[in-house]
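A.B. asks: Residues per chain, in single letters:
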Amino acid sequence: MDRIALRRYAGPAAACLLLALAAAAAVLAFPGARAALGTPWANGALLALLLALAVCAVAALARRRWLSALFHAGAAAVIVGGGITAGHAETWQVALVDAPAEITPPEYRRTVVDGDVAELRGFAIETYPDGMPRQYRTRLAFPEGERELSVNRPLRRKGVTYYQMSYSQARDPYGRAWWATHLTLRRDPGAPVAFAGYGLLTLAALGMAIREARR
Amino acid sequence: MTVKTDALGLLLTAQAALAALGVALPRAVGRWLWGAVLPIGLAAIALRWAQVGHPPMRNLFEAFLWLPPILAAGTLLTRWREGIWTVRLDAVLGFVVAFPLAFVFSAEEGRLPPALQSPLFVPHVLGYMLAYAFMARAFALECAGQARPARRCLAWGFFLITLALALGSVWGNEAWGAYWQWDPKEQWSLATWLVYAALFHVRASRPWRLALLGLGLLAILLTVTWINLSKLFPGMHSYAGL
Numbered sequence: 018m019d020r021i022a023l024r025r026y027a028g029p030a031a032a033c034l035l036l037a038l039a040a041a042a043a044v045l046a047f048p049g050a051r052a053a054l055g056t057p058w059a060n061g062a063l064l065a066l067l068l069a070l071a072v073c074a075v076a077a078l079a080r081r082r083w084l085s086a087l088f089h090a091g092a093a094a095v096i097v098g099g100g101i102t103a104g105h106a107e108t109w110q111v112a113l114v115d116a117p118a119e120i121t122p123p124e125y126r127r128t129v130v131d132g133d134v135a136e137l138r139g140f141a142i143e144t145y146p147d148g149m150p151r152q153y154r155t156r157l158a159f160p161e162g163e164r165e166l167s168v169n170r171p172l173r174r175k176g177v178t179y180y181q182m183s184y185s186q187a188r189d190p191y192g193r194a195w196w197a198t199h200l201t202l203r204r205d206p207g208a209p210v211a212f213a214g215y216g217l218l219t220l221a222a223l224g225m226a227i228r229e230a231r232r
Numbered sequence: 058m059t060v061k062t063d064a065l066g067l068l069l070t071a072q073a074a075l076a077a078l079g080v081a082l083p084r085a086v087g088r089w090l091w092g093a094v095l096p097i098g099l100a101a102i103a104l105r106w107a108q109v110g111h112p113p114m115r116n117l118f119e120a121f122l123w124l125p126p127i128l129a130a131g132t133l134l135t136r137w138r139e140g141i142w143t144v145r146l147d148a149v150l151g152f153v154v155a156f157p158l159a160f161v162f163s164a165e166e167g168r169l170p171p172a173l174q175s176p177l178f179v180p181h182v183l184g185y186m187l188a189y190a191f192m193a194r195a196f197a198l199e200c201a202g203q204a205r206p207a208r209r210c211l212a213w214g215f216f217l218i219t220l221a222l223a224l225g226s227v228w229g230n231e232a233w234g235a236y237w238q239w240d241p242k243e244q245w246s247l248a249t250w251l252v253y254a255a256l257f258h259v260r261a262s263r264p265w266r267l268a269l270l271g272l273g274l275l276a277i278l279l280t281v282t283w284i285n286l287s288k289l290f291p292g293m294h295s296y297a298g299l
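Residue numbers (our numbering), protein chains in the order written: chain V, 18 to 232; chain U, 58 to 299.
Keep in mind that a hint or two might mislead.
[What the hints assert, rightly or not] If you want the footprint, here are the derived chain V segments under chain U, 3+ residues with CB under 8 Å: (1) 201–214; (2) 221–230.
[As the list claims (entries may be wrong)] Sample of chain V residues lacking proximity to chain U, with all beta carbon distances greater than 10 Å (derived): (3) Ala39; (4) Gly61; (5) Ala79; (6) Thr178.
Treat the hints as calculated values from the structure; they're not laboratory data.
All residues carry an ideal CB built from backbone N, CA and C; glycine is no exception.
Work the whole structure out from these sequences, hints included.
C.D. replies: In structure tokens form, the structure reads like this:
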């Protein structure tokens with residue numbers, strides 16, 4: 018197949034591939050279909066997609082189609098970021114009980130990740146006048162001092178991010194109830210790569226819109 | 058079907074009536090009536106904002122409030138940029154949204170849960186509402202044979218849908234520590250994005266452009282209705298019901 022014929026069919030082939038991916042993404046919303054994720058077939062398909070995007074980005078660069086190159090490079094970066102996340106992200110689920118130190122075993126008030134110690138100093142729930150939770154906040158003590166986290170305001174420290182997830186009630190042996198704060202600790206080296214990909218995609222889409230507006 | 062009798066309900070009923078009249082009456086009168094949806098829709102948003110004390114975007118009713126004035130602004134923008142009136146097309150789309158706002162959706166007030174208290178809340182939802190309006194107009198304009206304004210709407214809609222998807226992902230990472238959770242609404246938003254991305258890869262003839270624009274609009278409608286509201290798809294967006 019000569020180069021001109023290849024160019025002629027590459028666009029429609031890419032459009033068909035994107036429509037097939039759209040169908041796959043829609044089907045994956047159904048609960049039973051999610052079992053397909055992480056299987057060798059799914060991983061192989063993603064790898065093939067990554068290669069195709071890399072080829073498209075390089076071909077677009079060679080033809081000086083800068084927006085197309087930026088767009089395909091951005092999509093490739095998102096997939097690379099997703100791969101790094103799937104293979105290397107670490108997650109720790111932690112529940113810390115906000116009860117006096119005298120009656121609480123230390124491991125119920127403390128979390129240790131990679132030798133980094135965080136101790137619970139307090140947990141508070143803010144409510145609306147009707148009693149619905151407005152925000153919940155956890156105060157943690159690190160060797161250098163206290164820091165606070167709440168929903169949507171995570172705490173970042175030494176490559177690990179502390180997220181405020183939820184809370185529950187815990188009871189001591191005397192039947193008294195205490196709040197337990199539920200945190201997720203996560204180290205995700207893939208997230209910045211995926212976000213850089215989002216940036217490139219958005220920039221390319223903006224460029225395409227401006228180009229269309231000027232025509 | 059319920060009739061809302063408070064001030065907001067009256068504004069929404071007036072908005073639906075003006076959209077219907079914009080479709081039915083001659084263009085010279087219809088453009089003024091449809092144009093009046095812009096201030097009335099903005100007044101409805103301002104009133105709801107004052108009532109609930111937060112940007113009205115918490116559920117489908119509040120998010121849909123933004124669509125009629127955006128569509129009316131789109132009519133004026135197209136008139137200014139392209140020199141053509143698209144009153145009937147936009148008024149039909151506006152009526153499709155304004156009718157359920159006035160007579161179907163519940164206007165019950167609610168508080169913002171902690172997960173929605175983020176600086177990314179407004180840009181994410183508003184980005185999607187603008188994108189959906191642009192995409193609906195792209196389809197309607199293509200149906201009417203206005204290829205150039207349809208292409209412009211598609212290009213700006215695609216930028217906004219890309220931006221809103223990315224912002225939602227970044228927000229998910231800030232709130233829950235994961236930028237992609239295989240949530241049903243995320244999946245369908247991605248499927249919608251992929252359909253529109255396909256359109257940029259083909260120099261399609263008009264029937265194919267129409268088919269792909271229609272498929273994208275169908276994906277949007279299914280995402281905001283069936284996926285959003287059905288109990289079959291529980292997920293991180295479950296609070297965003299009617």
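A.B. asks: List in ascending order the numbers of the hints, as given earlier, that are violated by the structure.
C.D. replies: The structure conflicts with hints 3 and 6, although it agrees with all the remaining ones.
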